[in-house]
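Q: Single-letter residue listing:
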Amino acid sequence: MTAMKRNHALIALIVIMMFTMLVTSCGGQNNNQPNNQGGQGNEGTTPTTAGTFLDKANNGEYKGKKVTMFGPFTDADEVKFNESVKAFEEKTGIDIAYEGSKEFEATIAVRVGGGNAPDIADFPQPGLLKGFVKDGKAVDVKTFLTDDYLKKQYNDSWLKMATMPGKTGDVMGGIWARSSVKSLVWYNKKAFTEAGYEVPNTWDELLKLTEQIAKDGDPAWSIGIESGAATGWPATDWVEDIMLRTTTPENYDKWVAGELPFTDPIVKNAVEKMSEIWFNNEYVYGGRKSIATTPFGDSVKPLFDNPPKAWLHRMGGFITSFFPEGVTADDYDWFPLPPIEAKYGQPALISGDIYAMFNDRPEVRAVMQYFTTGDSLKTWIQSGGVTAPMNDVDLSTYPNDQERRMAEFLKTATTIRFDGSDTMPGSVGSGTFWKGMTDYVSGTVQLDKALSEIQTGWKK
Amino acid sequence: MRKTKLRKSKWLVNTVLAIICLVWFIPTLGLLISSFRPAADILQTGWWNIFPHREWMTVEDIQLPKDTDLRQPIQVNGKTFTDQQLRAGVDLDGERLIWENRRARLVNIQEKKWSVITRFTLQNYKTVLGGKSYPITMPDGSVKTERGSGMGRSFWNTVAVSVPATVIPILIASFAAYAFAWLRFPGRRTFFVVIVALLVVPLQVALIPILRDYTSLGLNGTYFGIWLAHAAFGLPLVTYFMYNSISQLPRDLFESAFMDGATNFTIFSRLILPLSVPALASISIFQFLWVWNDYLVSLIFLGSQPEVQVMSMKIANLVGSRGNDWHLLTAAAFVSMITPLAVFFALQKYFVRGLLGGSVKG
Chain A
2 MTAMKRNHAL IALIVIMMFT MLVTSCGGQN NNQPNNQGGQ GNEGTTPTTA GTFLDKANNG
62 EYKGKKVTMF GPFTDADEVK FNESVKAFEE KTGIDIAYEG SKEFEATIAV RVGGGNAPDI
122 ADFPQPGLLK GFVKDGKAVD VKTFLTDDYL KKQYNDSWLK MATMPGKTGD VMGGIWARSS
182 VKSLVWYNKK AFTEAGYEVP NTWDELLKLT EQIAKDGDPA WSIGIESGAA TGWPATDWVE
242 DIMLRTTTPE NYDKWVAGEL PFTDPIVKNA VEKMSEIWFN NEYVYGGRKS IATTPFGDSV
302 KPLFDNPPKA WLHRMGGFIT SFFPEGVTAD DYDWFPLPPI EAKYGQPALI SGDIYAMFND
362 RPEVRAVMQY FTTGDSLKTW IQSGGVTAPM NDVDLSTYPN DQERRMAEFL KTATTIRFDG
422 SDTMPGSVGS GTFWKGMTDY VSGTVQLDKA LSEIQTGWKK
Chain Z
53 MRKTKLRKSK WLVNTVLAII CLVWFIPTLG LLISSFRPAA DILQTGWWNI FPHREWMTVE
113 DIQLPKDTDL RQPIQVNGKT FTDQQLRAGV DLDGERLIWE NRRARLVNIQ EKKWSVITRF
173 TLQNYKTVLG GKSYPITMPD GSVKTERGSG MGRSFWNTVA VSVPATVIPI LIASFAAYAF
233 AWLRFPGRRT FFVVIVALLV VPLQVALIPI LRDYTSLGLN GTYFGIWLAH AAFGLPLVTY
293 FMYNSISQLP RDLFESAFMD GATNFTIFSR LILPLSVPAL ASISIFQFLW VWNDYLVSLI
353 FLGSQPEVQV MSMKIANLVG SRGNDWHLLT AAAFVSMITP LAVFFALQKY FVRGLLGGSV
413 KG
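Taken in order, these protein sequences are the chains called A and Z. With the working numbering, the residue at position 314 of the first sequence is 315, and numbering never jumps. With the working numbering, the residue at position 148 of the second sequence is 200, and numbering never jumps.
Quick caveat, the hints were computed from the structure, so don't treat them as lab data. Note that beta-carbon positions come from the ideal geometry of N, C-alpha and C, so glycine has one too. It cannot be assumed that every hint is accurate.
Said to hold, decoys possible - List time: in silico DSSO-like cross-link candidates among lysine-lysine, alpha-carbon distance up to 27 Å: (1) Z/184 / A/87; (2) A/216 / Z/118; (3) A/67 / A/87; (4) A/87 / A/379; (5) Z/118 / A/191; (6) A/379 / Z/184; (7) Z/164 / A/310; (8) Z/118 / A/190.
As the list claims (entries may be wrong) - Per the computed footprint, the stretches of chain A lying under chain Z, defined by three or more beta-carbons under 8 Å from a beta-carbon of chain Z, are: (9) 99-105; (10) 113-123; (11) 209-221.
Turn these sequences into a full structure, and let the hints steer you where they fit.
A: Here it is in C-alpha cells:
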C-alpha cells in the first residue's frame, strides 16, 4: 500500500517536472537576432561624416535595439566597462549586452564557426583577430568610418596595427578601444627615496643601480613568470622590450611576422641581455630557480614589504591591481625601462584591446563608432587601470599622476610596438615562445636549444 | 585457518582503502582550511601551520657593522660565516643564525618554539556569497561603490540546469532500457549496439554542428537548449547503465504481472521503477554531478550572460581578469560542493538498501 502511494508520488513528481520544464523553457528564450554572417555587408552605404550612425543613435533612432558584445574581461573590468557605457545606453536607448568569459580565446572561434558570433568581440590579441579578418568574418570598419575621422581619433601607429589582410586586400579589422603600457619598472616610492636611489635613465645606470642594491644587501628585482597555462608570458615581454631597445623597429616587425627567426643573433643577444639580470642570484629575489615557480601577480608583493625584500619590478600598468591591500598611489611609482642603445631612443611596448564587428547592422555601427571616442572610456579611465588609445581624452581625466604619465609616455615614445607574442600566431606567441622561455629560465635547456625550439612553432 | 586468511585480506583491503581516502581527504582538508584564512596568510605559510608545531622564533638580534661587506666572510659573535650560510640559516647547538634584514645587516638568533596560527576570517565566504565591491569614479568625480553579484543567482541557475538535465535523460533512458531488455522488436540489438558505441564518441566533436543547429533554432543561451544538450550527451551511458540493471530483474515477475493483465506501462511504472530505485539513485548521482560540475557544455550553449550563467563559470570569473583574486576559489569551491554532497548523502541510502531482496517471494 505504501509502496503504491510512493509510486503515485513519483509519477506526480515527474509530471510536475515536465510541466515546469516546458514553462521555463518558453520563458528562458533569449533574443537571438538574425545575423548576416560572413559580414562584408556593404549594403550600398557610402561612408559619410555628416549624419553618422553615432549621430543617428544620439538622436534616438535605434532606441530599444540590442547590441551583443563578447570579450575576455570579467569581474572588476566588466563592472567598469558597464559603468562607462551606461550614459550612452541611457542617451540612445541601445542596450549593450556584454558577456565576459575567461575562455574567450577558445570560445570565440566556436561561436563564429557555429554562426553564433556576437555583434562586437573584444580581442586582446590582434593575432587572434587576424584569422577572422582573413576569412572575411569580421566587418571592415572603413565601410562606415572615413579615413579622416579615423586619423583624427587615432595616431598612425594604432591605425597601422589595426590594418590586416582581408579576403580582398587590406582592411581595418577593428578599432582600438583601450590600451595598457608594458615597459614600466615599478618601485616603492618611499623606500626608494629613503635609500637614496635615483631613477636610471640608461641601461648602464639600471645595471649600476641593480649592483648597488645588491651591495646594500637586497636583490633588486622581483620576477615571477608563473601564470597557470600561460606560464612564461612575462618573460616574453622582457625579450620584446629588450628587442625594441637593441634593434631597429623594422627588425622587430620582421621578427613578429616570422621573417626574422628566433635563432638569429639579434634575438639571442636580447635574451642574453635579459639573462644578465635574471640569472644573477644576487639580483633576483629568490634567485633564478624561483622565477619560473612564482606567480607573476605575487612577484610584485615583496616590493611593498616593510622593509622591502626587493626593489624593482617590470610589468604593465595593470599590475596595480595586484598590489597588496592598503597600498595607495602615494606609495608606488614607475619609470620607463631605460633605453639600451641611444640610437633607438625610448621605445614603448604596449598591449591593448581591439574591438571587431561581426554583424553589420546600423546600431552596431553606431556602437562601434562610439567606441572610437574617449567618452566610451571616461569612467573607466577615472577608475584607474586603463590608458586610452584615442586622441580625444583629456589628460586630466586620469585619476593619478602615475597613470597620467603613462598616457604621456605613450605620446612621447620614440617607437610604439604591440606586444609581439600577442601578435604572432598562437602556435608561437602563446605556444612555443612561452614554453621555450620557461624551459630556458628554469634551466632545463640551453639558450640555443630553447630558441630553436621556439622557432619550430612557426612551422605548425 | 581460512578465517585468519580472510581476516588478513580484509585488513589489507581496509589499509589500502584508508590510504586512498587519506590521499583524497588531505588536499580537501587543506582547501577547507585555506578557505578560512586571509589571502596574505595563504601566501606566507602552509595550511598545516594552523596545527601546533615547532617553529623558529627570534630570541635575539645581532646588529653587524653597517659597512660589513656581504661578499666576504662575515663575523658574527666571533665566528665566521659566509653570506650563503646566513641566508639559509646556520645551526649552532639548537639555535639558528639567519639574516633578518641583510640591508640593515641585522642577524637573528632563533630558537625552536611551539606556535600555532589562529588568524581566521569569513571574508572569503562573504565575498563569494555577497559579491565583490568595486570602487568606480563617476564623471563628476564622485566615487561610487558598485557591488558585484554573488553566487546566489548562479546557484539557482545551476539548479535550474541540473535538475531537469538529470531527470530527462534518466526518464528517457529507463523507458529505453526497459524496451531493450524486455520487449522484442526488429533491430533491437543493432540499436543497442549503436547506443553503446556512442559511449566512445567524445562530445567535443558535436559542439560546432549542434551550435549551428541551435543558432538556427534560436536555442542558444536558453535553458531548454542546455537540457537537450546534457540529455543527449548523457543518454548513452545512462541507457547502458539502466539496461544492465533492468535486464537483471527476474522474468517471473513480469510474466505474472502480464497474467494479471498489466500493460507495459503498468509494469514499467509499478514494477520496474520501484525495483530499480538503487540503480536510478546511483545514475542520478553520476549524471547530477556531471551536469553540476560541467563547464564546457554550458560555456558553449549557455554562455555567461548573468541571467543564465551557471556556477562553474561564475567561479572561474571570480578570480578576476588576471587571476588576482585566486584566494576566493577556495571558498567558492566549498560553496559549490554543498549541493552535490547533499544530493549524495540524500540518495546514498539507496545504495545500501537492496529493494530486490524478498520481492520475488512476494
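Q: Indicate, hint by hint, whether the structure satisfies it.
A: Hint check results:
no.: 1; hint: Z/184 / A/87; result: holds, 20 Å
no.: 2; hint: A/216 / Z/118; result: holds, 12 Å
no.: 3; hint: A/67 / A/87; result: holds, 14 Å
no.: 4; hint: A/87 / A/379; result: holds, 11 Å
no.: 5; hint: Z/118 / A/191; result: holds, 21 Å
no.: 6; hint: A/379 / Z/184; result: holds, 22 Å
no.: 7; hint: Z/164 / A/310; result: holds, 24 Å
no.: 8; hint: Z/118 / A/190; result: holds, 23 Å
no.: 9; hint: 99-105; result: holds (count 5)
no.: 10; hint: 113-123; result: holds (count 4)
no.: 11; hint: 209-221; result: holds (count 4)
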